[in-house]
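J.: Take a look at the letters that make up each chain.
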Amino acid sequence: MTMNRQGRPTSPSDAQMAVSGKAALLPAEPLLFEIGDRDHSGVDLPDIDVPDDRLGGLRRKSPLDLPGLTEPEAMRHYVRLSRRNYSIDAGMYPLGSCTMKHNPRLNEKMARLPGFADVHPLQPVSTVQGALEAMEQLGHWLMELTNTAAVSLSPKAGAHGELCGMMAIKAAHEARGEGHRKIVLVPESAHGTNPATAAFLGYSVRSIDANEHGTVDVEAVKAALSDDVAAIMLTNPNTCGLFEPQIIEIAEAVHEAGAYFYCDGANFNAIMGVVRPGDLGIDAMHINLHKTFSTPHGGGGPGAGPVVLSEALAPFAPVPFLRRDGQTIELVEHAEGGSFGRLTAFHGQMGMYVRALTYMLSHGVDGLAQAARDAVLNANYLKARLEDLFSAPYNGQPVMHEVLFDDTFLKGTGVTTLDFAKAMIDEGLHPMTMYFPLVVSGAMLIEPTESESLQTLDAFVATMRELAEDATNGNVERFTAAPVNAPLRRLDETRAARQPRLKWTAPEAGRAAAQ
Amino acid sequence: MRYLPHSAADRAHMLDAIGTASVDDLFAAVPKSVLGTFVPDLPDYQPEFAVEAHMRALARRNHAAGDGPFFIGAGAYRHHVPATVDHLIQRSEWLTAYTPYQPEISQGTLQMLFEFQTQVANLTGMDVANASMYDGSTATAEAVLMARRITRRNKVFVSGGLHPQYRDTVVTYLSGEEGLECLSPSPEGQGDIMDRIDTDTAAIVIQTPDFYGHIRDVSALAEAAHAKGALLIVVVTEIISLGLLEAPGALGADIVVAEGQSLGNPLTFGGPYVGLLACREKFVRQMPGRLCGETVDTEGERGFVLTLSTREQHIRREKATSNICTNSGLCALAFSIHLSLLGEKGLSRLARLNHARAIALADALAGTGKVEVLNRSFFNELTVRLPVPAAPVVEALAARGILAGVPVSRLEPGRGDVENLLVLAATELTTDADIAALVEGLNGELA
Amino acid sequence: MTTRYTPDHEYIRTEGRIGTVGISNYAQEQLGDIVFVELPSVGTAFKKGDEVAVVESVKAASEIYAPVSGTVTEINEALNDDPGLVNSDPAGSGWLFKLELSDDGELDGLLNEAAYAESIA
Numbered sequence: 001m002t003m004n005r006q007g008r009p010t011s012p013s014d015a016q017m018a019v020s021g022k023a024a025l026l027p028a029e030p031l032l033f034e035i036g037d038r039d040h041s042g043v044d045l046p047d048i049d050v051p052d053d054r055l056g057g058l059r060r061k062s063p064l065d066l067p068g069l070t071e072p073e074a075m076r077h078y079v080r081l082s083r084r085n086y087s088i089d090a091g092m093y094p095l096g097s098c099t100m101k102h103n104p105r106l107n108e109k110m111a112r113l114p115g116f117a118d119v120h121p122l123q124p125v126s127t128v129q130g131a132l133e134a135m136e137q138l139g140h141w142l143m144e145l146t147n148t149a150a151v152s153l154s155p156k157a158g159a160h161g162e163l164c165g166m167m168a169i170k171a172a173h174e175a176r177g178e179g180h181r182k183i184v185l186v187p188e189s190a191h192g193t194n195p196a197t198a199a200f201l202g203y204s205v206r207s208i209d210a211n212e213h214g215t216v217d218v219e220a221v222k223a224a225l226s227d228d229v230a231a232i233m234l235t236n237p238n239t240c241g242l243f244e245p246q247i248i249e250i251a252e253a254v255h256e257a258g259a260y261f262y263c264d265g266a267n268f269n270a271i272m273g274v275v276r277p278g279d280l281g282i283d284a285m286h287i288n289l290h291k292t293f294s295t296p297h298g299g300g301g302p303g304a305g306p307v308v309l310s311e312a313l314a315p316f317a318p319v320p321f322l323r324r325d326g327q328t329i330e331l332v333e334h335a336e337g338g339s340f341g342r343l344t345a346f347h348g349q350m351g352m353y354v355r356a357l358t359y360m361l362s363h364g365v366d367g368l369a370q371a372a373r374d375a376v377l378n379a380n381y382l383k384a385r386l387e388d389l390f391s392a393p394y395n396g397q398p399v400m401h402e403v404l405f406d407d408t409f410l411k412g413t414g415v416t417t418l419d420f421a422k423a424m425i426d427e428g429l430h431p432m433t434m435y436f437p438l439v440v441s442g443a444m445l446i447e448p449t450e451s452e453s454l455q456t457l458d459a460f461v462a463t464m465r466e467l468a469e470d471a472t473n474g475n476v477e478r479f480t481a482a483p484v485n486a487p488l489r490r491l492d493e494t495r496a497a498r499q500p501r502l503k504w505t506a507p508e509a510g511r512a513a514a515q
Numbered sequence: 001m002r003y004l005p006h007s008a009a010d011r012a013h014m015l016d017a018i019g020t021a022s023v024d025d026l027f028a029a030v031p032k033s034v035l036g037t038f039v040p041d042l043p044d045y046q047p048e049f050a051v052e053a054h055m056r057a058l059a060r061r062n063h064a065a066g067d068g069p070f071f072i073g074a075g076a077y078r079h080h081v082p083a084t085v086d087h088l089i090q091r092s093e094w095l096t097a098y099t100p101y102q103p104e105i106s107q108g109t110l111q112m113l114f115e116f117q118t119q120v121a122n123l124t125g126m127d128v129a130n131a132s133m134y135d136g137s138t139a140t141a142e143a144v145l146m147a148r149r150i151t152r153r154n155k156v157f158v159s160g161g162l163h164p165q166y167r168d169t170v171v172t173y174l175s176g177e178e179g180l181e182c183l184s185p186s187p188e189g190q191g192d193i194m195d196r197i198d199t200d201t202a203a204i205v206i207q208t209p210d211f212y213g214h215i216r217d218v219s220a221l222a223e224a225a226h227a228k229g230a231l232l233i234v235v236v237t238e239i240i241s242l243g244l245l246e247a248p249g250a251l252g253a254d255i256v257v258a259e260g261q262s263l264g265n266p267l268t269f270g271g272p273y274v275g276l277l278a279c280r281e282k283f284v285r286q287m288p289g290r291l292c293g294e295t296v297d298t299e300g301e302r303g304f305v306l307t308l309s310t311r312e313q314h315i316r317r318e319k320a321t322s323n324i325c326t327n328s329g330l331c332a333l334a335f336s337i338h339l340s341l342l343g344e345k346g347l348s349r350l351a352r353l354n355h356a357r358a359i360a361l362a363d364a365l366a367g368t369g370k371v372e373v374l375n376r377s378f379f380n381e382l383t384v385r386l387p388v389p390a391a392p393v394v395e396a397l398a399a400r401g402i403l404a405g406v407p408v409s410r411l412e413p414g415r416g417d418v419e420n421l422l423v424l425a426a427t428e429l430t431t432d433a434d435i436a437a438l439v440e441g442l443n444g445e446l447a
Numbered sequence: 001m002t003t004r005y006t007p008d009h010e011y012i013r014t015e016g017r018i019g020t021v022g023i024s025n026y027a028q029e030q031l032g033d034i035v036f037v038e039l040p041s042v043g044t045a046f047k048k049g050d051e052v053a054v055v056e057s058v059k060a061a062s063e064i065y066a067p068v069s070g071t072v073t074e075i076n077e078a079l080n081d082d083p084g085l086v087n088s089d090p091a092g093s094g095w096l097f098k099l100e101l102s103d104d105g106e107l108d109g110l111l112n113e114a115a116y117a118e119s120i121a
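Residue numbers (the numbering used here), protein chains in the order written: chain A, 1 to 515; chain B, 1 to 447; chain C, 1 to 121.
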């Protein structure tokens, strides 16, 4: 017989196995500026002339330099780009402190109803009563879940909410004639936004050390309190994934010293429907709707950070706020009384309010409590399945919604936390939060959320155990060379920072600039 | 509970692995006095159709902009967004990705941000732009703080043509600090800053087209500011205007901030929107917010990373340039896709169309003989003086299904000089029939 | 010419009344790749311990404190284009700024080479 040497091979050769499938499904995509040009457009509009324009002689003369794409080109460009992203829809996203939970699509559908999406913020309030009622209902949920007296919906993100809460605290002190209080206490383990917010408002930040269990002692707080202290900013559950056991005593001590208690609500997911922060004595707390209440992270925003306020701080809330008068809801848009003013134009992140309210109604208060309990259960399950191989700095106690490991188990292996994270990418996982909180060496903060099934958790555990064993068995290169299966290998961040290239320039222009 | 994957058996198995009898044990650190000791006034879980019915009932009680003639602008504008935009931003990989802290598996978001930064820089005529801010008003406040850091001076003058809620936001951000002076509303487009700039001035803030629709030539202001070592911050609330109007960068702006909502993003009752912030290259290290930069991977392949992050709160903590921790990623994506679809050809056509509709509106209003158009120049928005207070007229027209614009008194209450003023906008969606309905309505109300 | 160190890893090399300030080799190793250096303006006076400059790596920003009181006479402009000099030659071409000392006596409070070496051992 004769061999047909042109025939299609049916098994891959070694050479074909050497690389992953990134060229097949994840080809590099040129920049918009390299595929589009000024003659292309994906929008059909009449080409009208306006000879007698009323532009005050300021018609544009400088170039726009904005390439266009036709619709099929645009579709392909953005679909191809999207495939180079990890996402919660595609896999577990165990970022501690970030609460990457499932984003229900009913939320999206509701936010797109014309009665919400196609409504202008400055329409007469008589024409937007349904929107105001949606805001009122969201506020009611937030106040009920936290047992607080007031809510300000307008902050645009968690850090904006911190600003809101701390401004209310500042206004309250000033109203009492105690504007001299200039110190804010912040534990070392806090999110960077806490000290940044305090400093923004002119406060000096005094750090509080955690005890050997990773929580704050009331005695340490008492020792730091004085007539100059305006507030404490405490995250609860804290960034080590622990509930602050002395939080009620801390709140009492803070109030006794004439200061206020700002609670960073980033980790509210662990306790929603189970513990009400108002019962703990907090005065202000922001709630990240994009963490706790499932609004999508969108690759880094938009977020929403409503702030609940205690009776003491309620009079200082920013505008706008709602006021119900029988069947009608009014929108109070101008500062009156003690209100500290306005944090943003318009009324905040309505699109996020609709999504969050939809989520709350879907879950119900019983479902939210169950979600919190499942989030805690999942984190403790991971801890139980991993703690013999990984090193936990604060051992011997249950965690809340996230579990913290440090890099002690990697000592002497030549593998760092960063290397370990990059090796997780090769296994199809998004890494956990790394090097935060700052209070432990090489932190690995894992938050599974309630959205992950037992099967997913077990697969995660298996991968993590296999990686930990490999690291401690000296297979260093797997980690230091990682990732090899991602669309790109490790990126040169030093080069990016030393010679920042922050926008695309045409190759000709680039050459001219270099000369 | 459709969002929770565990069965009772799963939970029992997991508790067993943990070695504890119940989930309550895991809450051992919580003081008993506050654990589950309350009954909230909230409903239990509901099927999807019940939730949908509830939300639809709320939505139905709002008059949607598309339900009738619509002339409201004042910082948020109703434009047509191509269907492709909303389809793309709902793809899982865009919608449900986190901030791109792991660049190897976030190149989609990072490359998009790099493209977005380039688009914003080119549109505004500036050297660099960041990866977006919450919105135009907070971007304006951040720009003021940035100018104070750069110049190490305190004094800031805010033009009377700045959107009143932007001004109020700046006031709040600078509360308790000295040096901020906000000038009286200038509905006639009068210049108000030039003579006040001195060598203690950090920045002047001016909007163009301003809140009342006037197009401001900022080049003389730029010169005056630069002569005294001060910075010019230019605010743009209708980004589509830059398809037809000279770029602020070409007129001497040092920092440009803008609201990007008009491209890609629906009105949504005020948010989420997307703030733009661009500046001269030498100021880049004083910028707030995220920046994306180009680099290479270990094999020399081009890639993108978040960069210059030592400015930011997660590293700098109390010394950060801002406490901002997020951008407006998905809104920036919508902006970028819409602008890619337009390209410069589409954008300049769209801008001309907007201007033409506004000219038609202005002429029709002037033709009533009952109102006075205050603008000699405008892009797609203008101010008219009514013979009577504007707010009740707007209410009456709303009752007839016409959303006629924003009475200035809503944003500047208690000022007699603006009580009769009404700000109206027209866009590509404004039809001749809409304008005719408005004119008829006004004639009726002002008879 | 003598070189002295602060416990915070700045060095100052004095020649007459002029001191050249930089960071120690140990410090640059700990910081990793330096990507940006923010320098003071010539003519600015600082007191010992004041924050004078900032050295940034990709992941951290470190304040540089004045080892002694004095007035800045010169800054190392080369660092604007090549901040990596702080890594490659911290004691030489990677210097940060020069100060005219206002009080020589303050030098006595600093560490000599051996004492500094011991402090980081």
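Be a bit skeptical, because a hint or two may be false.
[Said to hold, decoys possible] Residues from chain B that face chain C, not an exhaustive set, calculated with beta carbons under 10 Å:
id, residue
1, SER175
2, THR307
3, SER309
4, ARG311
5, ARG352
6, VAL388
Since the hints were made in silico from the structure, they are not lab data. Ideal Cβ placement from N, Cα and C applies to all residues, glycine included.
J.: When the hints from earlier in the document are held up against this structure, which numbers fail?
T.: 1, 5, 6
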